[in-house]
Amino acid sequence: MTANGWLQIFIFFAIVTLLAYPLGVYMANVFSGKRTWADPILRPVERLLYRVTGVSPDVEMRWTEYAVAMLLFSVVSMLVLYLIERMQQWLPFNPQHLGNVPAILAFNTAASFTTNTNWQSYVPETTMSYLTQMAGLAYHNFTSAAVGMALAVAFIRGIARRECETLGNFWVDVTRGILWVLLPGATLAALLLVSQGVVQNLHPYTTATLIAPQTVTAQGATQRITTQTIAQGPVASQEAIKELGTNGGGFFNTNSAHPFENPTPFSNLLEMVLIFAIPAGLTVTLGRMTGSPRHGWAVFAAMAILFAAGVSVAYHAEAHGNPLFRGVDQHATALQSGGNMEGKEVRFGVVNSALFATVTTDTSCGAVNSMHDSFTPLGGMVPLVNMMLGEVVFGGVGSGLYGMLIFVILSVFIAGLMVGRTPEYLGKKIEAYDVQMSMLFVLVFPVIILIFSAIAVLLPGVGTSSIANPGPHGLTEILYAFTSTAANNGSAFAGLNANTNFYNMTLGFSMLAGRFLMIIPMLAVAGNLARKKIVPASAGTFPVTTPLFTMLLVGIIVIVGALTFFPALTLGPVLEHLLLQAGKTF
Amino acid sequence: MTRKQSGGNTSLWDGAIVRRAAVDALRKLNPVTMMRNPVMFVVEVGSVLTAVLLLRDIHQQSAAFRFDLQITLWLWFTVLFANFAEAMAEGRGKAQADTLRRAKSETMANRALAAGGTEQVPSSKLRAGDIVFVGPGEMIPGDGEVIEGVAAVDESAITGESAPVIRESGGDRSAVTGGTRVLSDRITVRITSNPGETFLDRMIALVEGAERQKTPNEIALNILLAGLTIIFLLAVVTLQPLAIYSHSPQTVFVLVSLLVCLIPTTIGGLLSAIGIAGMDRLVQHNVLAMSGRAVEAAGDVNTLLLDKTGTITLGNRQAADFLPAPGVTKQDLAEAAQLSSLADETPEGRSIVVLAKEKFGLRGRDLANTHAEFVPFSATSRMSGINIENRAIRKGAADSIARYLEEIGGAMPEQVRADVETIARTGGTPLVVSENERALGVIHLKDIVKGGIRERFEQLRAMGIRTIMITGDNPLTAAAIAREAGVDDFLAEAKPKDKMDLIRREQAQGKLVAMTGDGTNDAPALAQADVGVAMNTGTQAAKEAGNMVDLDSNPTKLIEIVEIGKQLLMTRGSLTTFSIANDVAKYFAILPAMFAGTFPVLNALNIMHLRNPESAVLSAIIFNALIIIALIPLALRGVKYTPMSADMLLRRNLLLYGFGGIVLPFIGIKLIDMAITAIHLV
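Note that the protein sequences, when read in sequence, are chains A and B. The opening position of the first sequence corresponds to residue 1 in the numbering used here, with each subsequent residue numbered one higher. The opening position of the second sequence corresponds to residue 1 in the numbering used here, with each subsequent residue numbered one higher.
Derived by calculation from the structure, the hints in this document are not laboratory data. Worth double-checking, as some hints may not be accurate.
[To be verified] Below, a list of computed lysine-lysine pairs in the PhoX-like style, where the Cα atoms sit at most 25 Å apart: (1) Lys450/B / Lys359/B; (2) Lys495/B / Lys511/B; (3) Lys533/A / Lys511/B; (4) Lys450/B / Lys495/B; (5) Lys357/B / Lys330/B; (6) Lys533/A / Lys214/B.
[To be verified] Here are a few chain A residues that sit away from chain B, every Cβ distance over 12 Å (derived from the structure): (7) Leu19; (8) Tyr26; (9) Arg51; (10) Leu191; (11) Gln200; (12) Thr207; (13) Ala208; (14) Gln228; (15) Phe252; (16) Pro293; (17) Asn499; (18) Phe509.
[To be verified] Covered by chain A, according to a simulated footprint, are these stretches of chain B (three or more residues, beta-carbon under 8 Å): (19) 297-306; (20) 561-570.
All C-beta atoms, glycine included, are put in the ideal place defined by N, C-alpha and C.
If we strip away everything but chain B, and leave its shape as in the complex, we get (with noise of 0.2 Å):
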């Protein structure tokens, strides 16, 4: 499985997909199956009962047969193109499903034994609990914890990302899954799931789609599409007495045609291929959501929980200024700067060279020849530095340079510590820079906030989502970054039981809270958010107590989680507007056709001019049946989606789906109507 963005760089229609979905549609057929879809049911049903009536029009030879035929088939083709719609969506997981299960391939895996030892098993017979050896190049047998040692692991099957991640024992990283591959090194793995309930198993339900339950709120729109199935219904068994009473009895031909027609086939047909292909949009963002719940918990997200760094900020800090002492240039401070961390391998001591290179166009030089000795970081001086031509250059922390310069005899300028004072007050992180006996400045280290990330909160503050950041930083360093960033709120000095009492405290007043965490010390939050994404390199605590796990490991991800939560629900309301709103054109077309026969002055109701009964009727048939087939793409892709005020996304999506609906079959009524007079099919 590789890394798709949405959209996709496979096809749509796909040939090996679609192939396997025609065929589903047909084993969908299956009254069984269909019950569970109250309105597609109903069109079997129908289907069925005109299927029985064409071979009485047969024996008795009707004048009608080709009329009641043609009817007949396209109630049929309206079932298979739900059907065949529901199959599409579940394709792509399959496809995606069958990848997963050639990684799930049997392999042996050393066992420890309680007496000592080891004994090979296959991993299918692995218990929770067990402890297993695995070495260089072979596959980890199950899902587990790293007790001992720390190896390499190329995780590509599960993330479809190549470069191989740390796995170690304890801490944050310990996780390891079935599936994966040991590169390098010796681990031993404690086994923490049972044959079947491996992540790779639900992974692989997941996608498939095997486990699909229906969301609460896919539940209620079945039932308000069940009830108005019910009332169109009863429309249309009261409509034959009524007929009668007019001296116009109908052929049940026409009034099923007309019921089908009425009935919310379009949304209902198009319901689980929405609600499967949210799921598979997730999937392809490298997100395994546990269940269908949390997608559309995610739409509804009102506070975001967002970690400071690696989400909001890159993960480091980065040098942005060069504040010289007094009597020092600011050329001479960047050169000191750049030779102190020409050896510093640390992003912040590279982020110093490149803002010299940037800055003072100084290049790195070669310092070969030079005699230089680098003065490495330690734990005791919390310095580093160069000694190079009788220059000591040093780099650190204010206190610990204010101390060194005391030792040597030196002092620290006022101007220095002022400026020290400065850059720890609106959140940076400063840096004195000194030679031999003299500070010569200071380095302005600062958090640097991800590029487009303001841009992404305007927009979620645009949908009425909160943002609150979270970091260990005090609570100044918290408020400069959280103003640069626009951020909504923060919590500075976070520990986790502080995060926790903020989900609790947000989730009294009603809201739904979204975060990520990945720590052990996260899971208990992780479980308590209404939206907890673990990121899949975190602990095996943090990815049970999630709902949704990451497999890219990138918490910005969050965002996009909420934007496809939001999309499942967005397209799936449009397309129930849609569908009712397409009623309208439908009994314009379908009644004058019933009743003109006996009552010419009806043909006033004909306003789109259709050219006979017959071909009014089944015109209204087909758009209903072809509508299904031409949305199948908008329902596995989604409506588009700008984030923006819900007062606005209503005026663009009613215009859209709601007055769209109204005017469009029409337009293609007519349509229909004109190509099949002109082919004489009625």
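The shape of chain A in the complex, shown without the other chains (with noise of 0.2 Å):
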């Protein structure tokens, strides 16, 4: 580890806590109604679209119905991504004349797009034309992620609210998000990374002669290489709001660490801010929104806390290298960035690497610049842990602060009785349907991971026949399939080949589950908080704005979330870090 490293994992985090207040104040502004710079462009055109799709954006939804706008909505754009990939043959920007998707892959990946996770069983520049990537998958990078910062607006109105029957309109929700926020960020970060090289085309796939041929054995047949294909495409646009959306899908199957995707240490900067960006700054909105600021504040803390946590342990995991190579080199030094370089890009080097994989990991994102499979055990288990917790250290766009406030709710729930009254979280009591509704949406996480994982390494014919290392590493590849599907992440710890019909049909379901199952009960949550009646704040109020509450929720967080999975956990990253000390490796 270096003072520099520090400084950069410093640096980092400095731009987003100071982009946090304006961005946050501007959303809160943007879901209230209020005025922005934004209007006089924007008005015309959002009128515009509810006059053509005939919403009454002045129309109020109860919880339930604002749940059934979302479901339709997605069940729609689910279909038509599906339909995209079934027929792209014959659809127009196919350059590459790639085929018809298969139908278990299109099932999974409309799955994976529309629940923001971008999970990718399948190698985008071969499988997915130009129009699929732009109309159908780009799409729900934006669509997912609006519908994820609807919801987020949704609970925080149903926190604000008083003695009142909904939570807002879905249609305007979701239209605001994407022509107020997504659109103009995504613009400005498409433009930032053409900057710095990522491509932006149509082109066919380019051919290019190689300097120096290779010869290359396969399969017995020895074979003289002497050209490269190289992937084009329209690769800014979808670059900028697969960050800032935290989807994380890659235009290109090595995703953030392409050189295409992600060319310089500036463009791997802007992309971290911008996973951060939002999720960050909703903190912000819910203060704003809730007239709590400093509640805001201590929620933002708690998320920095598990981020700072994660990332030292990501940082001083791969910086010390492996224990294996003896009389290797391993140290930071003006040539190299040292420490365990295996799976990771040299222009990112060790730092930018275990920064990216936690950042990516916190949020739902998922994109990655470097392999988490090739990570020290230790280093590989901060993003599964990360992942585990629910991803609510910033978590997706949206979905990371709701799943936040369930946890709050629950500190709230089991502390606040010790301050002698019945528990309440900002005026508003919470009783025994808010508890029932709050721990099914933290049930149903584990569910998914732990069954389906169960079942996965009972089937040595189709579960354990995928992964490609034995013993505890396998173990922890297939946790981190179920977890990263399951918490909408899509990041993949490579190793595990989930382009089969098992973990193609188990893992679409895991992605539907873990984004559709947990919104209902959080949704019921929010419509049942905001009919309550607000207690007046004293000063025997349970207090949610003090550095006390903020390691409260971080114990919570960390005890809750992490105790249900530490078994899985022992005999899976600890176990394997603690072999390799012992010098084996898998």
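Two chains, two frames, a set of hints: combine them into the complex.
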């Protein structure tokens, strides 16, 4: 570890913190219908959209109506993507003449992008046409993020409103999220990425002649390679929203490790800031809309602590390198970043790989600039644990905030009694129904991960046959796949061949359940909170604005989140780490 | 039942109660009963499962039998300890219920016949609406209202207070309770409750916990605990496939041990005991809560409505100062005031004598041979006084004395008038003393704020509770007393309707309001308030409207009720936090024990250095069982409660029960491990 490394991490987080306030206030204004600088241009567009689609923007929805609108929107969008994939062969913008996507893979991908997961069981540059990428996948990058934001805002309204039946209008929230937040942000970011060398075209793939031809022996046949195919495409436009919407689905198979997606250290920093920007800003939006800015910052602080813990462990583990490489210089010098460089890009080095891995799994992004499978066991455990906590460390666009708020409710409920009052959160009494729905929300997540993982390891024919490495590392690969999909992250612990019918189906289901089965109880809590009175705050009120509350929240997240998965982790990365120290690898 | 303060003068581990609780603990093993408590039900199912597998062990003469047997026994102990905790909490109530039942013995009642005359019927045959006659020495046969007569009644069977109380028809002291005894005189009572629904019946049911319903917060907490139990059940059940994958499958004994250690058995086992003990603490303060919901609401109260008289101030005004007229010494005024009050038996009169004695050393004099003639207070003169040795000393309100002086040719000096005005303005009551045609000066009578009440209010404020004083006084007087007592607000010239409006106003802002009351016209407000404490001396209507009855009829007790409510909630929260925090250490005990056999490197996680895998699992499960027993006193007495702000309370309790909950089991499990390996249990 170097001072320079820590400085880079610090600078990154300082930018995120500085950006959170203006962005959070702006989003609060957008979703409260207040005036913003973009109104003169966007208002007419918004009005036109409502007129065309027949939406009455003033009609408020109950939580059930909000949920139905959200489900309807998601189902139709998912179906459209599925159809595009299945028909891309006959559609335009397919210069490589790629065939139709097979049914189960198309289902998996449609589920993946609808749920903001962007798990990719396929190699994009040899599977998806430009049209599928732009009209199918990038469309979902915008809408799934906007849905997440809308849901978070609906939840905030549930907390802020008093004796009210409704949570807002889903169509308005989604429209405003896209027009006011995602489109301007993604446009600006795409231009900045292009300035760094990210490509943006509709050309057929380029064939380059190798300066030094290679001889490769594969399956007994020796072959002389003289050319290389370089994939092209409208990358910058997709790259920007991929990070800003915490989607993470790469235009290319190697995702943000690919030089056309993430060419320079600056583009790397920009991408990481884009991932954290909206989730961090939403904590400010929370404080703003509930009238308790300090509560917003208390939640931000809890996220910051968990982020700092994760990145410290990951950076520490990666910078220390592999203990089995005796005699190999793994120290950081002016010429090399040192540490464990397996699966990492030299232009990013250990710090920016560990940082990117933490950032992308804290949130539900899942873009990668290095291969998590090649991290040291403890370094690789950080992304896994981040996701197992429920992706509440800033988390996905919107989903991170509402996931965190469910933990806030549980923390308030568990510890709130200790001040001698029945639990209350910002004046709202937390009662049986709220606890029931919150527990349901919390329960869905381990149910998906643990049950599917248990099934997978018991089925040698379809489950364990896909893993590339035996022992604890193989177990981690399976755990990682189900955690990543249930958490709607989408990053892969490479090493597991997930493009099989078993994994495409189970992982697809895991993504759908991990999103929608959690959203419904969450909205139920929001709807129920909105109906309640607000008890005015007094000296006897449970404090949700203090550092003590922040620590409590972190404690509850760690205990409830981590304890569930601790046995599984013990047999996976923890065991692998200890075996590695003892000289055994997998 | 004698009056007890919290902590009680009966020991927590009273022999008879413990014996009864031990038997009840076994009886509660009935799965139908256990299902009400999902956490402990899971433990019971686990215990049954291991017990069955133990038979297989015996059959196969398994080498693991010794270990498996111990695990099974400790699992059963865990269930029994939890049952025992609940039975202990119920035990004290049951003992009290037995005492009450004795008071409920069958008596014969003289029931009035419609046609005139009476008939003898057993008290159990009495219906609401019946009229009965009760004479001296007779037991009042049922709850009712005195409709004729006045009597001294011994209510010690209900209140534990041996001094008799007066019950009379009309007014606010007309309610009588079945099972109490008339000491003197004869009263006619209209019965107001049917058999089985009397106050005594309800009281028995309450202290016994027979009608105990889970309170809203308890239900919510149960859902949380059930949810956590499901999560851990899932974690343990899916661990087996992962263990099989890792070539180290586990026995059911170890898996059940892990499960029982992880699910929140501590709070699950003690939760109902905490609730019962909370109600019991109220009973020990001689307060009957009609529902557990009311006790929880007491903890949540934001606003306390307190009647001035009797709650904030002593019942009566007392002399505080003598303000002499020009040309009169203070000593002379005090002497005259004392003389005028010697025969005055009112508390105000006595307080004047006391003040004169304390301030000027004037002792009461023997007036037997001085031909003193007392002039008693009369409604027409509105003065009282004494005629002694040519001195006609009078004492009364300023206007009455002024009129009297005018009649006999005297006048009130300006200075005296000014003093009267000043006293009235500051909330006091001025009494003017005159001798013959001369006004001597003014006695300043004022409301005496109860000692320590100001500090109580400060504590309440620190807890975020607002106090509002209710008084019939004018706003000026009310403001002065409010300032002195340190209440946050006051309602002057209050009529019952104003009280009701105030409660509604507070509730509309989302606040919870507590009040006390005794009169029939308090009934609507008592019903509207979230916590309505009716005085036992009050009317039947008031007692029906409130959700608590204070048998001592002490309105100050409202503050204690709030504290008991808070203590109940704090105990619940602290033990929940403690229970969840405990899990960290148990993981570090059991997980390495499970897998270190296959993967010796996992011993790195055995940070407590437990001797061997068997002792590690056993120590964890023993700790888990014993902690329930160890915490029974805490659950029954409640966590220590000191009034302070929520932030401070959270800081203290989080440190004690959160941080302590993480650290303590590491120490406890290690000690148990050392002990059981020393005596070669494993």
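Evaluated hints:
1. Distance restraint check for lysine 450/B and lysine 359/B: the Cα-Cα separation of roughly 21 Å lies within the 25 Å cut-off, and the hinted pair is therefore satisfied.
2. Distance restraint check for lysine 495/B and lysine 511/B: the Cα-Cα separation of roughly 22 Å lies within the 25 Å cut-off, and the hinted pair is therefore satisfied.
3. Straight-line distance between C-alpha atoms of lysine 533/A and lysine 511/B comes to about 9 Å, which keeps the hinted pair within the 25 Å bound.
4. The hinted pair formed by lysine 450/B and lysine 495/B meets the criterion: a straight-line CA distance of about 24 Å does not exceed 25 Å.
5. For a cut-off of 25 Å, the pair hint linking lysine 357/B to lysine 330/B stands: about 13 Å separates their Cα positions.
6. For the suggested pair lysine 533/A and lysine 214/B, the alpha carbons sit about 23 Å apart, so the restraint of at most 25 Å is met.
7. Distance check on leucine 19/A: its Cβ is at least 31 Å (rounded) from any Cβ of chain B, clearing the 12 Å threshold; non-interface status holds.
8. Against the 12 Å criterion, tyrosine 26/A stays outside the reach of chain B, whose nearest CB is about 31 Å from its own CB.
9. At roughly 41 Å, the least C-beta separation between arginine 51/A and chain B is larger than 12 Å, which holds for a residue marked as non-interface.
10. Chain B leaves leucine 191/A outside its interface by the beta-carbon criterion, the shortest separation being 46 Å against a cut-off of 12 Å.
11. The claim that glutamine 200/A lies off the interface holds: its Cβ sits roughly 46 Å from the closest Cβ of chain B, which is beyond the 12 Å cut-off.
12. Under the 12 Å C-beta cut-off, the non-interface status given to threonine 207/A relative to chain B holds; the minimum distance is some 45 Å.
13. With a least CB separation of 45 Å from chain B, alanine 208/A remains clear of the 12 Å interface cut-off, as annotated.
14. A cut-off of 12 Å between C-beta atoms confirms that glutamine 228/A is not in contact with chain B; the least separation is 40 Å.
15. Every Cβ of chain B is farther than 12 Å from the Cβ of phenylalanine 252/A; the closest lies at roughly 33 Å, confirming the non-interface assignment.
16. A cut-off of 12 Å between C-beta atoms confirms that proline 293/A is not in contact with chain B; the least separation is 18 Å.
17. For asparagine 499/A, the non-interface assignment is confirmed: its Cβ lies about 22 Å from the closest Cβ of chain B, beyond the 12 Å cut-off.
18. Taking the minimum C-beta to C-beta distance to chain B, about 17 Å, the non-interface status of phenylalanine 509/A holds against the 12 Å cut.
19. Check result for the stretch 297-306 of chain B against chain A: holds, 3 residues qualifying (beta carbon to beta carbon below 8 Å, three or more required).
20. A count of 5 residues in the stretch 561-570 of chain B with a Cβ less than 8 Å from any Cβ of chain A is obtained; the coverage claim is therefore met, three being the minimum.
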